[in-house]
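Keeping the supplied structure of chain A fixed, place chain B upon it in accordance with the hints.
So the protein lines, in turn, are chains A and B. Reminder that position 101 of the first sequence reads as 105 in my numbering, one-by-one numbering, no gaps. Reminder that position 31 of the second sequence reads as 500 in my numbering, one-by-one numbering, no gaps.
To be clear, the hints were calculated from the coordinates, so they are not data collected in a lab. Even for Gly, the Cβ is constructed at its ideal location relative to N, Cα and C. Warning: the hint list may mix true and false statements.
[What the hints assert, rightly or not] Facing chain A, a subset of chain B residues (Cβ under 7 angstroms, in silico):
id, residue
1, 506
2, 582
3, 584
4, 585
5, 642
6, 653
7, 656
8, 661
9, 665
10, 667
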Amino acid sequence: MHDAVIDYERQMGMENFHPSLVRGPAGADAEPGRERRPPGPEPKLTARGVNFYYGSKQALRGISIGFSRRRVTAIIGPSGCGKSTFIRLLNRMQELVPGTRMEGEILLDGMDIMSPACDPPELRKRVGMVFQKPNPFPKTIYENIAYGLEVNGARDRNLIEEKVVDSLKKAALWGEVKDRLKDSALGLSGGQQQRLCIARCLAVEPEVILFDEPCASLDPISTGKVEELILELKKDYTIVIVTHNMQQAARVSDRTAFFLMGELVEEGDTERIFKAPRDRRTEDYITGRFG
Amino acid sequence: MKNRRERLIKYLFAALAFSSLAFLAGIVLVLFLEGLPVFRTVSPWAFLTGRNWYPTASPPEFGALPLVLGSLWVTAGALLICVPLGVGSALYLHELAGPRRRAVLKPVLEILASVPSIVYGFFGMVVLAPFLQNAFALPIGLCSLTASVILGVMASPTVASIAEDALGYVPRSFREASFAVGADRWQTLTRVIMPAAGSGISTAVILGMSRAIGETMTVLMVAGGSAMIPRSFFDPVRPMTAAIAAEMGEAPVGSSHYHALFAVALLLFLITFLFNIAAELVSRRYRLRLGLSR
Numbered sequence: 005m006h007d008a009v010i011d012y013e014r015q016m017g018m019e020n021f022h023p024s025l026v027r028g029p030a031g032a033d034a035e036p037g038r039e040r041r042p043p044g045p046e047p048k049l050t051a052r053g054v055n056f057y058y059g060s061k062q063a064l065r066g067i068s069i070g071f072s073r074r075r076v077t078a079i080i081g082p083s084g085c086g087k088s089t090f091i092r093l094l095n096r097m098q099e100l101v102p103g104t105r106m107e108g109e110i111l112l113d114g115m116d117i118m119s120p121a122c123d124p125p126e127l128r129k130r131v132g133m134v135f136q137k138p139n140p141f142p143k144t145i146y147e148n149i150a151y152g153l154e155v156n157g158a159r160d161r162n163l164i165e166e167k168v169v170d171s172l173k174k175a176a177l178w179g180e181v182k183d184r185l186k187d188s189a190l191g192l193s194g195g196q197q198q199r200l201c202i203a204r205c206l207a208v209e210p211e212v213i214l215f216d217e218p219c220a221s222l223d224p225i226s227t228g229k230v231e232e233l234i235l236e237l238k239k240d241y242t243i244v245i246v247t248h249n250m251q252q253a254a255r256v257s258d259r260t261a262f263f264l265m266g267e268l269v270e271e272g273d274t275e276r277i278f279k280a281p282r283d284r285r286t287e288d289y290i291t292g293r294f295g
Numbered sequence: 470m471k472n473r474r475e476r477l478i479k480y481l482f483a484a485l486a487f488s489s490l491a492f493l494a495g496i497v498l499v500l501f502l503e504g505l506p507v508f509r510t511v512s513p514w515a516f517l518t519g520r521n522w523y524p525t526a527s528p529p530e531f532g533a534l535p536l537v538l539g540s541l542w543v544t545a546g547a548l549l550i551c552v553p554l555g556v557g558s559a560l561y562l563h564e565l566a567g568p569r570r571r572a573v574l575k576p577v578l579e580i581l582a583s584v585p586s587i588v589y590g591f592f593g594m595v596v597l598a599p600f601l602q603n604a605f606a607l608p609i610g611l612c613s614l615t616a617s618v619i620l621g622v623m624a625s626p627t628v629a630s631i632a633e634d635a636l637g638y639v640p641r642s643f644r645e646a647s648f649a650v651g652a653d654r655w656q657t658l659t660r661v662i663m664p665a666a667g668s669g670i671s672t673a674v675i676l677g678m679s680r681a682i683g684e685t686m687t688v689l690m691v692a693g694g695s696a697m698i699p700r701s702f703f704d705p706v707r708p709m710t711a712a713i714a715a716e717m718g719e720a721p722v723g724s725s726h727y728h729a730l731f732a733v734a735l736l737l738f739l740i741t742f743l744f745n746i747a748a749e750l751v752s753r754r755y756r757l758r759l760g761l762s763r
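Isolated chain A, as found in the complex:
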């Protein structure tokens, strides 16, 4: 029986489930029937009926959406539609903003990330994030990446070095920086800084990567490199990308969700959304009638 459960979990890609995420006996009541759920395309990350408030102002209304493994989901919509707010809920980054409140559920592998048993640092390790503006630390290139490993308890110098090199390679930055790992990261170009931030995110081996308008401050060439990278990373990670650039959504994503005024208007395969939107508002937005 025990073996069967392990097999099932492996099949479901759950072998990465971190028991440390669930502290103490709370793990038992997390979701009793989880093991027996039939196999299927169960999303890695699911939002159910999410409402979000800044003070008394409601920014998100009843958002329900799932993000599948090895897929890129793009969230598009005009400025102020709540797409950044939403993505920042997925790794509990938004709760750092004072005076905010969330309702509803967000499940990572079936575990409620808002439950008291979920430790935000552990969650953020599993759900990495790349921000709108490249935000390397004022440290060396090497230290920028080693930081994530060190705060998560890595002590072995050789292992850290190996992972730093590995992450830089995965982020397609190694060739450009291998001779200046000890230089300040602030000396890199904007596009390089953003790929460094991606490398920093990869180093802690997340399962999900959230991109919050990662190319908003980059030139077209750097944007192209980041997009290529996202397509490459898709093979191993669950990816959610917020973008205000519809061409970008069309280029990199498998699924697209359209947000408007805090609501999820429509969600589906990217091609279908762009070719045959079902909702009039989606169509208006995609054809450039507003936004």
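Using the frame of chain A, we list chain B on its own:
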């Protein structure tokens, strides 16, 4: 017509702005003019390294070393108090205190900074000195420890407020970046925010130091006043400022004692000047590190 008026206004404000430069030049000039004549009586070397300050003996001895060391000693002690107190308050205010506690604490700190130094001195004399005397079984409560504690508490609001500004300059994106890789609050604070604000915090400490070393009334009242080279924090000392304040009234104008006191003042000015230059250099480096211009 309008042009002339604008030019007039420009000159007026330029004059106001440059007046501070004129005051500074005047002060420096007077310090040099009145201080340097002492070297007709005593060599600069003997003045700086002499261990005996007996300005009214005959012949008088003008060894400023005990005064300089007294100042530095008291200031060093004050640093031990005001760095943890000031930086700790800044960290608490910036990182942990919610808006409500902040709203109470910030004004309290500002009031603490605005208490006149004589009130601090009075408190030191009447409350702290007897307490320390009892607690450590000292022959006298007025000693460098008392002065250090009082100066440290006095300087801590300055340190706290400048250090808090420095923490505030650290971009929010650094904090988010750190949280996003799974760092907790403490790791973020000690490994990202403090290093990023490090030079700003050192500036705060240096400016707090300048405040402590230049403080007069408090040390005059509680430091004990004996011009000896301190060997422990329980020794009474006579810092430079206290010596000048206590002796200037008795020194006949134009006497070598009078000039010696000016020379001490000049020395003090140079020391604080160095502190301020150090603070400026450090904060410039800090701005560069954060990638902010100038």
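A quick look at each hint next to the structure:
The closest approach between the C-beta of residue 506 of chain B and any C-beta of chain A is roughly 51 angstroms, which is over the 7 angstroms cut-off, so the hint fails. The beta carbon of residue 582 of chain B is not positioned within 7 angstroms of any beta carbon in chain A (closest approach about 27 angstroms), and the interface hint is therefore violated. Hint status for residue 584 of chain B relative to chain A: violated, with the closest Cβ pair at about 32 angstroms, above 7 angstroms. For residue 585 of chain B, the shortest C-beta to C-beta distance to chain A is roughly 37 angstroms, which exceeds 7 angstroms, and the interface hint is violated.
Hint status for residue 642 of chain B: holds, given a least beta-carbon distance of 4 angstroms to chain A, under 7 angstroms. A cut of 7 angstroms between beta carbons decides the hint on residue 653 of chain B: the least distance to chain A is about 5 angstroms, and the hint holds. Contact between residue 656 of chain B and chain A, as hinted, is supported at the beta carbon level, the nearest pair being about 5 angstroms apart and thus within 7 angstroms. A cut of 7 angstroms between beta carbons decides the hint on residue 661 of chain B: the least distance to chain A is about 6 angstroms, and the hint holds.
At its closest, the beta carbon of residue 665 of chain B sits 6 angstroms from a beta carbon of chain A; the interface hint therefore holds under the 7 angstroms criterion. Interface restraint check for residue 667 of chain B: the shortest CB-CB distance to chain A comes to about 10 angstroms, outside 7 angstroms, so the restraint is violated.
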